[in-house]
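A.B. asks: Sequence:
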Amino acid sequence: MTSPRVVVLGGTGSVGRQVCAAFAAHGWDVLAVARSAAPHLAGTPFTALDITAADPRRLAELFGTPRADAVVNTAGGWGDTPEEMTYSHLRLVDRLLEGLALVAHRPRLVHVGSVHEYGPVPHGTLLREDVVPRPVTPYAQAKLATSQAVLAAADERGIDAVVLRAANMSGPYPPQESFLAALTLRIKRTLAAGEVLELSVADARRDFIDVRDVAAAIVRAATSPLDSRVINIGRGEAVPISSLVGWLIEASRFPRDRIKQLDREVRSKGGDWTQLDIGLARRALSWEPRIGLRESVHAMWSASTSATTSASTSASTGAGTA
4 MTSPRVVVLG
14 GTGSVGRQVC
24 AAFAAHGWDV
34 LAVARSAAPH
44 LAGTPFTALD
54 ITAADPRRLA
64 ELFGTPRADA
74 VVNTAGGWGD
84 TPEEMTYSHL
94 RLVDRLLEGL
104 ALVAHRPRLV
114 HVGSVHEYGP
124 VPHGTLLRED
134 VVPRPVTPYA
144 QAKLATSQAV
154 LAAADERGID
164 AVVLRAANMS
174 GPYPPQESFL
184 AALTLRIKRT
194 LAAGEVLELS
204 VADARRDFID
214 VRDVAAAIVR
224 AATSPLDSRV
234 INIGRGEAVP
244 ISSLVGWLIE
254 ASRFPRDRIK
264 QLDREVRSKG
274 GDWTQLDIGL
284 ARRALSWEPR
294 IGLRESVHAM
304 WSASTSATTS
314 ASTSASTGAG
324 TA
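Take any residue in the sequence shown, count from 1 to its spot, add 3: that is its number in the numbering used here.
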């Protein structure tokens, strides 16, 4: 019996690497696609390709030869300007949809959207899929535009697609642009220097979910019968940012007497409140989050320490990659 095949776009990224691992664990043949290879995907079939610049016929080849049963889009990145967001999100998705339209068998497209698409909402709001999105930042607006493009392609071109609007993610190997990754780096540097860690923590509560739980939902979305085209993926909880910061400090074993709390305004890419209704995900995907946030944050710290140790070992032995 032939194993099902999935093509993971952005397969080397923080979400993509977990998606590749999750599909492989379920017996799928995995092809990771990104602009350049990464050591952590050694052993996973890989194609180097800038999707935004690729000819749609080249993408159709990736999806059709051999035949892909699913395509997952985890590609894209953070940015501060509309121009950056247009290139890394809108043009990429347009090119992806053009490629899919050329494939006769139409694999299931799972597009990873974002809770930021909803935009800022009043404290206490439970975000259901029928809430009208009103994003305000370039990143959130670009993410919404890509999700809308995917949904329009499903309606107008017959693309088999679903958008998963994922909450803020924690867990191993977060993107460098995320505040958890930035704080992890600050803690490590301050620890090494023996200095005082100065912290300004946003007075906010947000829905966070471990990236591995997101990957599990993506696997389910690749094969589940769908009545809905947009599905929220989160924990369904509004967690204080201070709790995540505290768990990270706990994991690092940073001395409490070297921490100084500052009363300063914190610039954030998100609103002060997010809480997703995940009832549809439970019903449609037979999925629910399984990894606790404290465990998730501790795993993030452990992974960052392991990555630093591996990099140091590679450098000292001359085993690093160019």
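Just to be clear, a hint being listed does not mean it is correct.
Said to hold, decoys possible - Pair by pair, the computed Cβ-Cβ distance ranges are: (1) A107 with T128: 39 to 45 Å; (2) L194 with M4: 22 to 28 Å; (3) T226 with R137: 46 to 52 Å; (4) P228 with S203: 43 to 49 Å.
Just so you know, these hints were derived from the structure itself, not from any lab. We treat Cβ as the ideally placed atom computed from N, Cα and C, and that holds for glycine.
A.B. asks: Evaluate each hint against the coordinates.
C.D. replies: Checked hints:
1. Taking 39 to 45 Å as the suggested C-beta distance range, the pair A107 and T128 conforms, at roughly 43 Å.
2. Range check, L194 to M4: Cβ separation about 51 Å, and the 22 to 28 Å hint is violated.
3. Our hint of 46 to 52 Å for T226 and R137 is violated, since their Cβ atoms are close to 33 Å apart.
4. Look at P228 against S203: about 47 Å separates their beta carbons, and that is inside 43 to 49 Å.
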